[in-house]
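**Student:** Spelled out from the first residue to the last, the chains are:
2 protein chains.
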Amino acid sequence: MSLQRVAITGGTHGNELTGVYLIKKWLRDPGPVTREGFETLLLHTNPEAIKACRRYIDRDLNRSFSMVDLAHPKSHYEAQRACEINTLLGPKGVDEPRVDFICDLHSTTSNMGLSLVVSNQSKLTWDAVRYLCAKEPALHVYRWQGDEEDAFVDSIAPHGFAIEVGAVPQGVLRSDLFFATERVVMHLLDFFEKVTHGTVIPETDREITVYDHVDLVDYPRDSDGEIDGMVHEKLQDHDYALLHKGDPIFRRLDGSEIVYNREVPLHALFVNEAAYYEKGFAMTLARKITL
Amino acid sequence: MSLQRVAITGGTHGNELTGVYLIKKWLRDPGPVTREGFETLLLHTNPEAIKACRRYIDRDLNRSFSMVDLAHPKSHYEAQRACEINTLLGPKGVDEPRVDFICDLHSTTSNMGLSLVVSNQSKLTWDAVRYLCAKEPALHVYRWQGDEEDAFVDSIAPHGFAIEVGAVPQGVLRSDLFFATERVVMHLLDFFEKVTHGTVIPETDREITVYDHVDLVDYPRDSDGEIDGMVHEKLQDHDYALLHKGDPIFRRLDGSEIVYNREVPLHALFVNEAAYYEKGFAMTLARKITL
Numbered sequence: 005m006s007l008q009r010v011a012i013t014g015g016t017h018g019n020e021l022t023g024v025y026l027i028k029k030w031l032r033d034p035g036p037v038t039r040e041g042f043e044t045l046l047l048h049t050n051p052e053a054i055k056a057c058r059r060y061i062d063r064d065l066n067r068s069f070s071m072v073d074l075a076h077p078k079s080h081y082e083a084q085r086a087c088e089i090n091t092l093l094g095p096k097g098v099d100e101p102r103v104d105f106i107c108d109l110h111s112t113t114s115n116m117g118l119s120l121v122v123s124n125q126s127k128l129t130w131d132a133v134r135y136l137c138a139k140e141p142a143l144h145v146y147r148w149q150g151d152e153e154d155a156f157v158d159s160i161a162p163h164g165f166a167i168e169v170g171a172v173p174q175g176v177l178r179s180d181l182f183f184a185t186e187r188v189v190m191h192l193l194d195f196f197e198k199v200t201h202g203t204v205i206p207e208t209d210r211e212i213t214v215y216d217h218v219d220l221v222d223y224p225r226d227s228d229g230e231i232d233g234m235v236h237e238k239l240q241d242h243d244y245a246l247l248h249k250g251d252p253i254f255r256r257l258d259g260s261e262i263v264y265n266r267e268v269p270l271h272a273l274f275v276n277e278a279a280y281y282e283k284g285f286a287m288t289l290a291r292k293i294t295l
Numbered sequence: 005m006s007l008q009r010v011a012i013t014g015g016t017h018g019n020e021l022t023g024v025y026l027i028k029k030w031l032r033d034p035g036p037v038t039r040e041g042f043e044t045l046l047l048h049t050n051p052e053a054i055k056a057c058r059r060y061i062d063r064d065l066n067r068s069f070s071m072v073d074l075a076h077p078k079s080h081y082e083a084q085r086a087c088e089i090n091t092l093l094g095p096k097g098v099d100e101p102r103v104d105f106i107c108d109l110h111s112t113t114s115n116m117g118l119s120l121v122v123s124n125q126s127k128l129t130w131d132a133v134r135y136l137c138a139k140e141p142a143l144h145v146y147r148w149q150g151d152e153e154d155a156f157v158d159s160i161a162p163h164g165f166a167i168e169v170g171a172v173p174q175g176v177l178r179s180d181l182f183f184a185t186e187r188v189v190m191h192l193l194d195f196f197e198k199v200t201h202g203t204v205i206p207e208t209d210r211e212i213t214v215y216d217h218v219d220l221v222d223y224p225r226d227s228d229g230e231i232d233g234m235v236h237e238k239l240q241d242h243d244y245a246l247l248h249k250g251d252p253i254f255r256r257l258d259g260s261e262i263v264y265n266r267e268v269p270l271h272a273l274f275v276n277e278a279a280y281y282e283k284g285f286a287m288t289l290a291r292k293i294t295l
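Chains as they are written, first to last, in the numbering used here: chain S, 5 to 295; chain D, 5 to 295.
Extracted from the complex, chain S is given alone in its bound form (with noise of 0.2 Å):
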């Protein structure tokens, strides 16, 4: 098929430091990401977030890409940018947009490890999250329909998917999920170069499994609204773990225990993101699923 230009980008959160970096060695060195068959942009979409080392300046980027805010943006910054990012690597579903495929990194204080966050539907977008689940057995796959309509900076490309890597504390870098995330990368090039070049890729066929998303989460809280209870010891760190009804799943800050109590088990994960704690939600829980 024809695939002409692909864009990585960085910096969607100003705090989360890998893709940042990542973009930044790219920029300097744009050797590893240049291939043969299609053009590779890079930009880092934040920068007034990455300067300030803060997550946004006055809303989520990653929450600014619906056609509504697109066609009416508001005055504030990111607003303005999404409007920028949406010229240079859109427009947002027009038949010939400038980017084909988009893949947002990120990076995430939950245990999430080596995870994509799938929200796109496309053949292309999953012959390649197959892709790198053969080439990356560790490799996590969130179906994610979240607490908005798909307004992700990716959804303004055909195709497309993030990268999230955890845990790692905003405003740090970790040598170990910065080589991890740069190798997905790098494997998501060699998967677009087998695509122009017309190459039989039979990893496309496997079968994966996938957690597809189900339900928020919000933490405890009191009568006035405020958190009164933190993810509990012995959920926190298990990203992906399969709750069962009776399963402690938070503490309240005076020491008593929260239980799950739905019927049916489900897996939690993105549990305790720092970012999630003004979003109301403390994790996710997804069903797995074979695809």
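Some clues are possibly wrong.
The list treats identical chains as interchangeable, and a pair is accepted whether it falls inside one copy or across any two copies.
[Claimed, not checked] Below, a list of computed lysine-lysine pairs in the PhoX-like style, where the Cα atoms sit at most 25 Å apart: (1) K28 x K238; (2) K55 x K139; (3) K238 x K292; (4) K283 x K55.
The set of hints was computed from the structure by calculation and includes no laboratory data.
Fit chain D to the given chain S structure using the hints.
**Tutor:** Relative to chain S, chain D alone:
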């Protein structure tokens, strides 16, 4: 000895949630901190930074208590707030300040476990340190002379120190470290009770191991002064490790290694703390001594 008032402070850095939420908990139910023989004050030192979930608004509050800054405060938020706190808990350097002891609650993205950071030289301070080491064998003691003169929150009282726990990301509560910190504070208040009752405290005669501050080590940087490397994956998470000449300590973005090149072996502390990227150090070096 006479000990009339102690202060437990938290949220000096607004994104270090362990202290923020412990203070909240005790403000709601002061039972555990209400002891016989002395008064316990509780204070959120940096309410605006807590609200914003940032380390500080304008400047690091925990570097704002030098005599010069308190005498000639600048107009920004933390300078003003330092003066307010100095009035509430100090003033620094007088014979009869409002509180006798300040225990300031911190957390770190470094894997420092349960640690005390002690700059004060007073006998009461070190008696308390010895007592806590007896009660909490996992406790580490770091005698700190850092990047500036002693301008910490606890420097405005005649006695005091900071509790530092990690690894925990900024903006995150960890149940294990929350309750471990609470346990140390309870031991400290037990100690004050014994002191005010004139009880003999045999724990204060113990020898203790102390990590004595020697130096700061910056990240590798490129010719523009930009960070060009990360803590080596073999050192990451290994705070208190003893470094020998030739041990890898950094990995540049290009993958090459940088080794420790001092003749004298020293221990690495505060390895890869998020807040120290802007201060320009990747770790501190300390000598292990017995006091």
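**Student:** If a hint holds in the structure, say so; if it does not, say that too.
**Tutor:** Now the hints, each set against the structure:
1. In the homo-oligomer, the alpha carbons of K28 and K238 lie at most 25 Å apart only across protomers (24 Å), although the nearest pairing inside one protomer, at 38 Å, exceeds that limit.
2. For a Cα distance limit of 25 Å, the shortest separation of K55 from K139 qualifies neither inside one copy, at 34 Å, nor across copies, at 44 Å.
3. Taking the closest pair of Cα atoms, K238 and K292 come within 25 Å of each other only inside a single copy of the chain (21 Å); across copies the shortest separation is 34 Å, beyond that limit.
4. When the C-alpha separation of K283 and K55 is checked against a cutoff of 25 Å, the pair qualifies both within a copy, at 23 Å, and between copies, at 15 Å.
The structure fails hint 2 only (numbered hints given earlier).
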